Amino acid sequence: MIQIQGLTKIYRKSQPPAVKNVTLEINQGEIMGFAGLNGAGKSTTIRIVSGIIFPTSGKVLVNGHDIVREKVEASKHIGWVPELPNFEPNGKAIPLLKYYAGFYGIGPREAEEKAEMLLKKFNVWEARKRPLKDYSQGMKKRFSIAAAMIGDPDNFLFDETLNGLDPEGVKNMRDFMLSLKKDGKAVFLSSHILSELENVADRIAIIRRGELIKVIDRSELGSLGKSSVKITLHNSDSKVSGILEEFGSVEINGNVVYIRDLNIPQAENYRITEALFGAGYRVISITTESEGLEEYFLQLVGEGK
Amino acid sequence: MRDFLYDLRRTLSGKFTITMIALIVLFTVAIAFAAASTSSSSGASPSSTAYLLPAVFDNNGTYKVVDYAIDGYGHPVPNLKIVSYMTYAYSGTGSSSGEVQRYVNGTTDANGYFNYSFTSSASFQDYSYNNEYIDGINASSSLISIVNVSSAQNSYFTLRSEGFSEGSNYAIWLYPVDNQSNRAEQNIVLHYVPYSNSTLPTMGVYYNVTNPGGFSFPISSTTNMTYFKTISGMNNALITLPLNRSDNNRFVVVELFNSTGVYVVGTVGHFYSTVSASSFIEGFLQIPYEFLIPILGIFSAYFYYGKDKASGVLESIITRPVTKGRVMASRFTGGAVSFLAGILIALALADLIVLKYTGSALSTSSFFSILVGYTVEAIGFSGIIYLVSQFVKSQGGILGIGIALFFLMSLFWADLMDVILFELHANLAARSGLVESIILDSISPSYYPTLVLTYHTGYLFSLLGLVGSNVTAASVGITLVSVAIIGIVWVVVPSLASFFLARSRD
Ligand SMILES: Nc1ncnc2c1ncn2[C@@H]1O[C@H](COP(=O)(O)OP(=O)(O)O)[C@@H](O)[C@H]1O
Ligand SMILES: [Mg+2]
Numbered sequence: 001m002i003q004i005q006g007l008t009k010i011y012r013k014s015q016p017p018a019v020k021n022v023t024l025e026i027n028q029g030e031i032m033g034f035a036g037l038n039g040a041g042k043s044t045t046i047r048i049v050s051g052i053i054f055p056t057s058g059k060v061l062v063n064g065h066d067i068v069r070e071k072v073e074a075s076k077h078i079g080w081v082p083e084l085p086n087f088e089p090n091g092k093a094i095p096l097l098k099y100y101a102g103f104y105g106i107g108p109r110e111a112e113e114k115a116e117m118l119l120k121k122f123n124v125w126e127a128r129k130r131p132l133k134d135y136s137q138g139m140k141k142r143f144s145i146a147a148a149m150i151g152d153p154d155n156f157l158f159d160e161t162l163n164g165l166d167p168e169g170v171k172n173m174r175d176f177m178l179s180l181k182k183d184g185k186a187v188f189l190s191s192h193i194l195s196e197l198e199n200v201a202d203r204i205a206i207i208r209r210g211e212l213i214k215v216i217d218r219s220e221l222g223s224l225g226k227s228s229v230k231i232t233l234h235n236s237d238s239k240v241s242g243i244l245e246e247f248g249s250v251e252i253n254g255n256v257v258y259i260r261d262l263n264i265p266q267a268e269n270y271r272i273t274e275a276l277f278g279a280g281y282r283v284i285s286i287t288t289e290s291e292g293l294e295e296y297f298l299q300l301v302g303e304g305k
Numbered sequence: 306m307r308d309f310l311y312d313l314r315r316t317l318s319g320k321f322t323i324t325m326i327a328l329i330v331l332f333t334v335a336i337a338f339a340a341a342s343t344s345s346s347s348g349a350s351p352s353s354t355a356y357l358l359p360a361v362f363d364n365n366g367t368y369k370v371v372d373y374a375i376d377g378y379g380h381p382v383p384n385l386k387i388v389s390y391m392t393y394a395y396s397g398t399g400s401s402s403g404e405v406q407r408y409v410n411g412t413t414d415a416n417g418y419f420n421y422s423f424t425s426s427a428s429f430q431d432y433s434y435n436n437e438y439i440d441g442i443n444a445s446s447s448l449i450s451i452v453n454v455s456s457a458q459n460s461y462f463t464l465r466s467e468g469f470s471e472g473s474n475y476a477i478w479l480y481p482v483d484n485q486s487n488r489a490e491q492n493i494v495l496h497y498v499p500y501s502n503s504t505l506p507t508m509g510v511y512y513n514v515t516n517p518g519g520f521s522f523p524i525s526s527t528t529n530m531t532y533f534k535t536i537s538g539m540n541n542a543l544i545t546l547p548l549n550r551s552d553n554n555r556f557v558v559v560e561l562f563n564s565t566g567v568y569v570v571g572t573v574g575h576f577y578s579t580v581s582a583s584s585f586i587e588g589f590l591q592i593p594y595e596f597l598i599p600i601l602g603i604f605s606a607y608f609y610y611g612k613d614k615a616s617g618v619l620e621s622i623i624t625r626p627v628t629k630g631r632v633m634a635s636r637f638t639g640g641a642v643s644f645l646a647g648i649l650i651a652l653a654l655a656d657l658i659v660l661k662y663t664g665s666a667l668s669t670s671s672f673f674s675i676l677v678g679y680t681v682e683a684i685g686f687s688g689i690i691y692l693v694s695q696f697v698k699s700q701g702g703i704l705g706i707g708i709a710l711f712f713l714m715s716l717f718w719a720d721l722m723d724v725i726l727f728e729l730h731a732n733l734a735a736r737s738g739l740v741e742s743i744i745l746d747s748i749s750p751s752y753y754p755t756l757v758l759t760y761h762t763g764y765l766f767s768l769l770g771l772v773g774s775n776v777t778a779a780s781v782g783i784t785l786v787s788v789a790i791i792g793i794v795w796v797v798v799p800s801l802a803s804f805f806l807a808r809s810r811d
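Just so you know, the protein sequences line up as chains R and C, in that order.
Take the first sequence: its position 190, counting from 1, is numbered 190 in this note's numbering, and each next residue is one higher.
Take the second sequence: its position 63, counting from 1, is numbered 368 in this note's numbering, and each next residue is one higher.
Worth flagging that the hints you see were computed from the coordinates, not collected in a lab.
On a predicted model such as this, the values are computed, not experimentally measured, just so you know.
Glycine included, C-beta positions come from ideal geometry on N, C-alpha and C.
The reader is advised that the hints may include incorrect statements.
Coverage of chain R stretches by chain C, computed from C-beta distances (three or more under 8 Å per stretch; other residues unrestricted) [stated by the list, open to error]:
(1) 21-33
(2) 101-108
Now the in silico label distances, taken between C-beta atoms and shown as ranges [unchecked claim]:
(3) 84(R) to 342(C): 54 to 60 Å
(4) 310(C) to 123(R): 21 to 27 Å
(5) 1(R) to 310(C): 27 to 33 Å
(6) 294(R) to 328(C): 47 to 53 Å
(7) 64(R) to 649(C): 33 to 39 Å
(8) 780(C) to 131(R): 57 to 63 Å
(9) 84(R) to 654(C): 42 to 48 Å
(10) 327(C) to 123(R): 35 to 41 Å
Not everything, but these chain C residues come out facing chain R in the computed CB check (under 10 Å) [unchecked claim]:
(11) 314
(12) 315
(13) 698
(14) 720
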């Protein structure tokens, strides 16, 4: 379990906080998506949780251990897959995994077996004799996952791990994450594309300019993205807005009327027509425009809107 | 702690550490060989050097010169061309007074002998010869003369020097030469020349080990000497005295006494190199180590830590159950231990090589001084780079600063400090000026080896050109306490500072 409590990170006093008062819990057996535009503070949050950088204030508990005060104990339970994997360029897969394993108190023989198992599982076994600098970006990422798993942690941090994968890669990665979930692991997965998280995350935390603005449950995802209605009237006038404002925000443009942020389910659109008829207006056409998850997301996190 | 020890062990067994230790050792061994094998005092190899041991007899106007040539190890030298002459002085009237010289020229035979005789009614006084030849060519700076003790007939000749004695029917030489199996140790050539065929009568060989300057020669009685053995019945012998290492750098008086205990002949040898291993090793290490040690300190800190920290590779380790401070500490300690191990092995081998060639070995305290001085220097430089790595975020930046520090704090440090002292108008002839210069120099780890050695020898040498000035180390504040404090500061301060920074900074 990862508990992020009131986390704030200020890199430079002259700049606004990269992460501001973020509070979030990721439970065992849960996949938490972490969505936000580039520069929103996802990597900063994840790097603090992984113990790479220090928080300015607030704290992170990993299985109840403070990542700053009880770094060694907390780190035993964290597997971090960075956005841009960066390993000793001349290192080789097996010795490097064995070296990492030693920090968890895993003996050389057991580490060797574990390394072999993981390298095979993540399809880097064939490349084990090559130095890591010769790995492709995808291989590095897969090696990076193997490296995160070497200590068999309870919690995983994936920073933009789905990003840039081909459809098959995305599918494999999703299956892998679901298997982690099934094993009772807590998974924290960031992305700057909300829809990437749609099919895998149980909940999605949305971060904008360092601030957590919303945590959406999986069950809410389907009904997200408000729709708007475009109505063309024969005889529009200013009183229309008074009649329609109970359904959302009304915008009149000659005979064309928009209702944005519709607050009734689409299935009840007939109530709009009824209200117009009742007031004596003639409706020429009525169309519903639904925003996708992504538009919703962009609108939520977007600048200026 | 477990994580620290784990990473330390891994650092120590890493390729880089092993390469570094191998580099220090090979480099040092190579220069030790080069320095030691060319360190013979004469500059020429003993086997290509020849020495002439002559004897001259006068038997009622029949003069007989017996030249015997040996090489630097005491072996006879055949085919040596000898040019020498005998002189007699006469006093006539007017311009007819002067010297007459009779050349005694020839070549030694297969046994190293050249015999020459002539008859003359003149009373020859001197036999003049060149004592030393290198590759067959005279290398003596002046002629040596064997002088007739009187102008009477049947008189005998003497060399007004140690090692030669002549009676009316024999001459005897004791001549120190190099020991072929141990270049430092000397053997004594015993060369007995009878007037007519005979061999050495029974003689007792005695010796006395003394300090330079603390002996008298010859010692006329056996009372204060150590008996070695009795010899007789030969013309040439090589005497190897039973000396040991504790006689290093001391002089040995060797004398022969006849069967009635009367002094016959004696000579003085030094049986171990007069070059002290400590100043010799320091001498040949100084210049190469001025480069090697800072470079090792700087580059190892860069490769163990700075490079990985700047590139982000360290992050893949920091995310493990270990703290940033302990990763830094284990890398630093690993480096420090490898410097110590590398310099220790290198110095031990250099010591053995020097011992083999010069016979002189480092004393424990000299060994320790050199080891500590250079190890602390390497650790100091590496600590500075660990500190720099806490602030500089790019590999190029760290490396650049490292190289700049090498030039600034190692190569040009002393000169730079001299400039500063000059600008400060420090009076280097006064103690206060010297102390200022030592303080300034001590601001760089590169000065630390000099500091330790100065403390060890007790005198300030060649500092700022004050060669030979009798400035004691203590009088300029170089004491055990100050040297220890500066050493601890170099080992502890930069590393501890970077440890705390590593613990608290991103
Ligand atoms: N090491 C750093 N020093 C200074 N600012 C940084 C550093 N890392 C990230 N930032 C800034 O913090 C903000 C958040 O960045 P990041 O956490 O990387 O965002 P994300 O991963 O969501 O794209 C950005 O404005 C970024 O420029
Ligand atoms: Mg990021």
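Problem - Hint numbers contradicted by this structure - result: 1, 4, 6, 7, 13, 14
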